[in-house]
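Novice: Following the hints, position chain B against chain A.
Those sequence lines, one after another, are chains A and B.
So the first sequence is numbered by our numbering: it starts at 63 and just counts up by one.
So the second sequence is numbered by our numbering: it starts at 63 and just counts up by one.
Hints are not guaranteed to be accurate.
Identical chains share a label here; the pair holds if one copy fits it or two copies do between them.
Once the Cα atoms are required to be at most 25 Å apart in a straight line, the calculated SDA-like pairs of lysine to any residue come out as [said to hold, decoys possible]:
no.: 1; residue 1: K316; residue 2: F126
no.: 2; residue 1: K356; residue 2: I250
no.: 3; residue 1: K207; residue 2: A336
no.: 4; residue 1: K316; residue 2: P249
no.: 5; residue 1: K133; residue 2: R256
It should be emphasised that the hints constitute simulated quantities derived from the structure, not laboratory data.
There are 2 protein chains.
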Amino acid sequence: MTSSNITIGIDVGGTKILGVVLLIKRTTRGDSNPLSTGSFSLEIIQELREKTPNDGLELIDSLFKVVSELKQALSIESPVPVGVGVPGLVDHEGSLRFSPNLTAIRSLPVAKLLAEKLAQPVFVDNDATCALRAEYLIGSGSNYKDVLLVTLGTGIGGGIVSGGEIVTGAYGFAGEIGHMVVDPFGPICPCGRRGCWERYASGSGLGRLGREAGLAGVAKTVVELAGGDPESIKGEHVTAAALAGDLEALGIVKQFGWWIALGLANLASALDPAVIVMGGGVVDAKGVWLDASKEAFSQMLEGLQYRPEVPIEPAKYGSFSGAVGAALYAFERIEAL
Amino acid sequence: MTSSNITIGIDVGGTKILGVVLLIKRTTRGDSNPLSTGSFSLEIIQELREKTPNDGLELIDSLFKVVSELKQALSIESPVPVGVGVPGLVDHEGSLRFSPNLTAIRSLPVAKLLAEKLAQPVFVDNDATCALRAEYLIGSGSNYKDVLLVTLGTGIGGGIVSGGEIVTGAYGFAGEIGHMVVDPFGPICPCGRRGCWERYASGSGLGRLGREAGLAGVAKTVVELAGGDPESIKGEHVTAAALAGDLEALGIVKQFGWWIALGLANLASALDPAVIVMGGGVVDAKGVWLDASKEAFSQMLEGLQYRPEVPIEPAKYGSFSGAVGAALYAFERIEAL
Numbered sequence: 063m064t065s066s067n068i069t070i071g072i073d074v075g076g077t078k079i080l081g082v083v084l085l086i087k088r089t090t091r092g093d094s095n096p097l098s099t100g101s102f103s104l105e106i107i108q109e110l111r112e113k114t115p116n117d118g119l120e121l122i123d124s125l126f127k128v129v130s131e132l133k134q135a136l137s138i139e140s141p142v143p144v145g146v147g148v149p150g151l152v153d154h155e156g157s158l159r160f161s162p163n164l165t166a167i168r169s170l171p172v173a174k175l176l177a178e179k180l181a182q183p184v185f186v187d188n189d190a191t192c193a194l195r196a197e198y199l200i201g202s203g204s205n206y207k208d209v210l211l212v213t214l215g216t217g218i219g220g221g222i223v224s225g226g227e228i229v230t231g232a233y234g235f236a237g238e239i240g241h242m243v244v245d246p247f248g249p250i251c252p253c254g255r256r257g258c259w260e261r262y263a264s265g266s267g268l269g270r271l272g273r274e275a276g277l278a279g280v281a282k283t284v285v286e287l288a289g290g291d292p293e294s295i296k297g298e299h300v301t302a303a304a305l306a307g308d309l310e311a312l313g314i315v316k317q318f319g320w321w322i323a324l325g326l327a328n329l330a331s332a333l334d335p336a337v338i339v340m341g342g343g344v345v346d347a348k349g350v351w352l353d354a355s356k357e358a359f360s361q362m363l364e365g366l367q368y369r370p371e372v373p374i375e376p377a378k379y380g381s382f383s384g385a386v387g388a389a390l391y392a393f394e395r396i397e398a399l
Numbered sequence: 063m064t065s066s067n068i069t070i071g072i073d074v075g076g077t078k079i080l081g082v083v084l085l086i087k088r089t090t091r092g093d094s095n096p097l098s099t100g101s102f103s104l105e106i107i108q109e110l111r112e113k114t115p116n117d118g119l120e121l122i123d124s125l126f127k128v129v130s131e132l133k134q135a136l137s138i139e140s141p142v143p144v145g146v147g148v149p150g151l152v153d154h155e156g157s158l159r160f161s162p163n164l165t166a167i168r169s170l171p172v173a174k175l176l177a178e179k180l181a182q183p184v185f186v187d188n189d190a191t192c193a194l195r196a197e198y199l200i201g202s203g204s205n206y207k208d209v210l211l212v213t214l215g216t217g218i219g220g221g222i223v224s225g226g227e228i229v230t231g232a233y234g235f236a237g238e239i240g241h242m243v244v245d246p247f248g249p250i251c252p253c254g255r256r257g258c259w260e261r262y263a264s265g266s267g268l269g270r271l272g273r274e275a276g277l278a279g280v281a282k283t284v285v286e287l288a289g290g291d292p293e294s295i296k297g298e299h300v301t302a303a304a305l306a307g308d309l310e311a312l313g314i315v316k317q318f319g320w321w322i323a324l325g326l327a328n329l330a331s332a333l334d335p336a337v338i339v340m341g342g343g344v345v346d347a348k349g350v351w352l353d354a355s356k357e358a359f360s361q362m363l364e365g366l367q368y369r370p371e372v373p374i375e376p377a378k379y380g381s382f383s384g385a386v387g388a389a390l391y392a393f394e395r396i397e398a399l
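Next up, chain A with everything else stripped away, as it sits in the complex (with noise of 0.2 Å):
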């Protein structure tokens, strides 16, 4: 027997917004999960994307705007299931307690707030926790029982499947990777501390050795692309040097793959993982990256000649991983009552 469902998953990222229509179509039934791996496909039938205001009450305006657009454009009246996911210690109510990326959005009941204005119950959790679930139901972590997933946007975030399992934390709080100290002497984060993974391998991340070449004077082409001033170059810069085959680009990219090695191994020794997969905005950079931290992950990972090598996939839905994953977390959610 086959079903279909219309779903809204909204994505909140430290810069964007990303919201999609999906289309489930379950396969099988029976099942106690309703999204047990393999028992359903899904499409994305329309997508969205807003900037991430930086206040709590209009960032409650944008992602009612997202569903009421999205809707629009379909000509969808009924209500549909609504998950969100947002970036930084979100709690079992729904709440965005803080988020590093955020900084003036903190203790924000999403969840409430949301469902008060759309008349209806709305799903809330972390952008990563969601990324994760809608990779390992469905996406390049589905074959594994022990799966770590780093997305790497604007920050880190991260979520861990350990024996089949979605490792949440005590409260709801796990897999805040970018936040883990990688130089305790190094820039300062956000978040308050020093040297955080995602001060070097996030897309910020990649901005900032960008810059740092660019003022040093060894990355002209990537400076030209962003208009001359080295201060002014942001990773997509650096990527789009790259991508055209620019040495000194191509050296911060090979920088960049040793730093998200650097947090991918600590991760791995920590955790050991079947498979890492990688996903969020930064995925989409055609994978210059993804080899240069391939291969010195490789090289980096405690044990190595000892040890089954732990694959590095890039994620099956790309930058759309927490999009699809938050409407995934509605639909199981609405599913369940």
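Specialist: Okay, now just chain B, sitting in the frame of chain A:
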């Protein structure tokens, strides 16, 4: 109904082997898990220490000797369950694949070789996973479902419980938290990399911080305790001076606590434990460094004003957790046969 059982547990550290004979008294029955929390009590009725040889076959000989002498001391003639915890990457067959602190031991089938020598089954797991088992089942972690155990000895070991289940990882290698790099330009580690957490936050790390202070001329009492040679300073000299109230030694301990807290905060970001339990040989140093760690940790955790406090508790079984847990592991496995 109550039944009692004699079991041997051995904890192989980077420096010392500790063997114990445990009297396990089961107080309830009917649970599918023979060692569910609260269903038993235990008593250490014999103990024995040996030096850890840095050689595979000598290690097997030492383990055989420890078992024999423990049994002899209690005039036990019949076979008793034997569990062994070893430091490093231990696979599901009880082979020690790689151990950074036992540099001459690689791919040693500990379970197989010791079983042949003793002519009985032997159960081998990672030392910190053993310690976790003891503390989670009947020690400082038994009131929680999300536990991080950290053992500070020659190196650092780790064990993780998530949602009531021990995180073993895909191949049994989870918990190698001592080899998470916290300073990529730091001192070289026997694992082959630089700036691993255990370079700073283990017993050897305390010695290193002490030697640096001694060589810099800011640890007069500690140098005296080490016989006048700053290069001979070991962790125990720093601890002894600090316990006697020496201010310079307390300064080193404060620095040591800061490095411990750094790694704990990293792991708390990733795992969101409800409690952190500190075990291992260093724990017996009467808590001077534990207070320093707690103080630093309380200011380091990401989003600390927006989340519940994460208590840091000393291991109930102190430096015996590993040996006790190894015995419990053997008992559990024998019961399951």
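Novice: Does each hint fit the structure? Answer for all of them.
Specialist: Status of each hint after checking the structure:
no. : hint        : verdict
1   : K316 x F126 : neither (41 Å within a copy, 50 Å between copies)
2   : K356 x I250 : between (27 Å within a copy, 23 Å between copies)
3   : K207 x A336 : both (7 Å within a copy, 24 Å between copies)
4   : K316 x P249 : both (20 Å within a copy, 23 Å between copies)
5   : K133 x R256 : neither (43 Å within a copy, 53 Å between copies)
Consistency with the previously given hints fails for numbers 1 and 5, ordered from lowest to highest.
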